[in-house]
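S.K.: Take a look at the letters that make up each chain.
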Amino acid sequence: MALSRLSSRSNGIARPFSAAFNRFISTDTTPITIETSLPFTAHLCDPPSRSVESSSQELLDFFRTMALMRRMEIAADSLYKAKLIRGFCHLYDGQEAVAIGMEAAITKKDAIITAYRDHCIFLGRGGSLHEVFSELMGRQAGCSKGKGGSMHFYKKDSSFYGGHGIVGAQVPLGCGVAFAQKYNKEEAVTFALYGDGAANQGQLFEALNISALWDLPAILVCENNHYGMGTAEWRAAKSPSYYKRGDYVPGLKVDGMDAFAVKQACKFAKDHALEKGPIILEMDTYRYHGHSMSDPGSTYRTRDEISGVRQERDPIERIKKLVLSHDLATEKELKDMEKEIRKEVDDAIAKAKDCPMPEPSELFTNVYVKGFGTESFGPDRKEVKAALP
Amino acid sequence: MSAILQGAGAGAAAALSPFNSIDSNKVVAPSRSSLSVRCKRYIVAGSDDGTNQSFGSSSLVARRSQPLMIPNAVSTTKADTAASSTSSKSGHELLLFEALQEGLEEEMDRDPHVCVMGEDVGHYGGSYKVTKGLADKFGDLRVLDTPICENAFTGMGIGAAMTGLRPVIEGMNMGFLLLAFNQISNNCGMLHYTSGGQFTIPVVIRGPGGVGRQLGAEHSQRLESYFQSIPGIQMVACSTPYNAKGLMKAAIRSENPVILFEHVLLYNLKESIPDEEYICNLEEAEMVRPGEHITILTYSRMRYHVMQAAKTLVNKGYDPEVIDIRSLKPFDLHTIGNSVKKTHRVLIVEECMRTGGIGASLTAAINENFHDYLDAPVMCLSSQDVPTPYAGTLEEWTVVQPAQIVTAVEQLCQ
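Protein chains in written order, with full-length UniProt numbering: chain A, 1 to 389; chain B, 1 to 414.
Chain A extracted, bound-state conformation:
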């Protein structure tokens, strides 16, 4: 792979053949084949090939969306420090390749469910920046009407089932969604994402057992960023080969910083799950921020490690190099794109800041489903509502 050609972002690299042309985002769908950076490691199955089919359109899309996700997370960081986002805020920067690669391999009928590090996956599923920032700041226009917060993003129409705060609890839910897909004969699969910390939860193995027993189209994806909050994986797990932990369930270990490897693996997993039942994917990825905004992220790992990964394995840099080496855009165009994205994010934040907070009556809505449900009744059968000052 001609990655060695361009290794820095220095200006003034003379680009042969293309200086005269001012190409913007190409809508060209000429197929491009890309080799993944590392081979896949497989457990109880044959790994897919390292050559991934892609197109110039897709490459540029990847770059754009990942840059958007990165920018969104960094902006969320500043908003949190400005105390506009409260509570817990778990950021996904560094792991964007997983969200992007997965989306590229599946349709909106396939379901995704994840834990609390869900901002980028929500975006990938079709959520808008406005909904993200509104929800993070607790405004009405948020995807959960401001009542969920950072850990509870959902998008039912794109089969995104959230957004869960309790570690590991989303995996049985995900297997339940897969069960429903099988029950309704939908020919779709469910990706249940969890982290290396959650991989030690018992309910995972329970759910995996049932999924394997009933042949459910469930794909368990371990986003292994090597730290369960402050505990490194070697201190938490006797066997850090999470892809092998399924025992009788096949598994695949994937370089999670390579969006194309992720895409290939997810495609492979989807085909496998539809035919043969559950499979585990382990995405070897990394998060630059701490576990959440309350965690500096440097007490349990060195800054050298973080910057080392950033330099060598950053997913956006990798795509950028691919774009440049395939002559799909110039440095300047990519920089412009990034500027555009920055502006887009800033606009979305400004718009979200203008959005009102939820009405006080919203406190009591959506506790029960109206019409068939109930509110607590006072003695005269009227709805009991506390009057807020």
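It is worth saying that the hints were derived from the structure and are not from the lab. Some clues are possibly wrong.
Said to hold, decoys possible - Covered stretches of chain B (chain A as the covering partner; in silico rule of three or more C-beta atoms under 8 Å from a C-beta of chain A): (1) 184 to 197; (2) 228 to 237; (3) 346 to 352.
As the list claims (entries may be wrong) - Some chain A residues well away from chain B (every beta-carbon gap over 10 Å; in silico): (4) N209; (5) H326; (6) E359.
Quick caveat, the model's predicted, so the values are computed rather than measured. The beta-carbon is built from N, C-alpha and C at its ideal position, and this holds for glycine as well.
Fit chain B to the supplied structure of chain A, relying on the hints for placement.
M.R.: Structure of chain B alone, referenced to chain A:
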């Protein structure tokens, strides 16, 4: 064994059937006193604008001849004569577990989205035979035998419900559902709220609980007190074959998650229930015996202890009003309130633990709302705050006995 008949009007006399599965030294003699069993089966439009803002299993509430809409219905002995008179002349007799099964089967026939999951519900037929025969009829994909992993299969049921399926999750014994508490509390109860209304969770979680049969401490749990604080769920407790079937159907049709509490000792109660389809309102209490002197609120098995005590009380000249609250969350404060306004004395008899139980919440609710109507403090008789012992005599004394109920009524009515 006589069956409970739905009496109409003041003249009807009905008899309470003796149940045959209680300890042999506690045989309940057939009661010949005039107990009119009145089950409210009407659509009650609750809010003031008169629109059909029916709650619970509204429009599906029972039809006798035709559905009656009575806005702001009050439990009276007069208003329901026409509708309830045609009741169960043509009925069929069955045991409570069969009534549950019938309800479940009818709902599974009616809606292909209903499925059952639990341990040994399929091929084995259910540990209490509630799901017997269903696996043969509906197949393995709709009646699912799960491995022993309450946390996971409850989670799976909830995940399936998020997509639109309507699973009925069985805990072989309610106590086992403690392992699934996280799923029930965080996901089942709260997902509708935290997703801003995007997802509804129409699950039914059911199972037997309660004290009896000397099952020991871990198998005699009463979980209603643990679950009652979870926002977003509804809890109901069935006590007769009639309301068991009705509540089961209503729970399945409800868009909210419903926890249906059954009792191990009540599964063999026999009663005659109507042939035609009916449903019980999920949020309504049942007037078991109207009276004037004191309101006794109870649910599940304690209803029978109360009725036994009521017999003694009537002989002593008291006229207790017995209400089976049925709906444990939310409380039917309408029926309860009307009763309190009439009698001014309240006794709560429950099988929950004393500390933090349903009775404790109900006492608080009554005191808050009806303080002015009370002539005496609300008294609550609950089980002792101990793990249920194995020895028969000790087990008897953990729960409230009819003699204690009689004493309490006498004390309150002084």
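S.K.: Against this structure, judge whether each hint is valid.
M.R.: Going down the list of hints, with the structure as the test:
1. Only residues whose C-beta sits within less than 8 Å of a C-beta in chain A count toward coverage, and the region 184 to 197 of chain B has 9 of them, enough to reach three; the restraint holds.
2. Counting residues of the region 228 to 237 of chain B whose beta carbon lies closer than 8 Å to any beta carbon of chain A gives 3, which reaches the threshold of three, so the coverage claim holds.
3. With a cut-off of 8 Å between beta carbons, the region 346 to 352 of chain B has 0 residues touching chain A; three or more are needed, and the interface restraint is violated.
4. Its beta-carbon lying about 6 Å from the closest one in chain B, N209(A) breaks the requirement of being farther than 10 Å from that chain.
5. The non-interface label for H326(A) is consistent with chain B: the shortest C-beta to C-beta separation is roughly 40 Å, beyond 10 Å.
6. Remark: the non-interface label on E359(A) is consistent with the geometry, its nearest Cβ contact in chain B lying 13 Å away (cut-off 10 Å).
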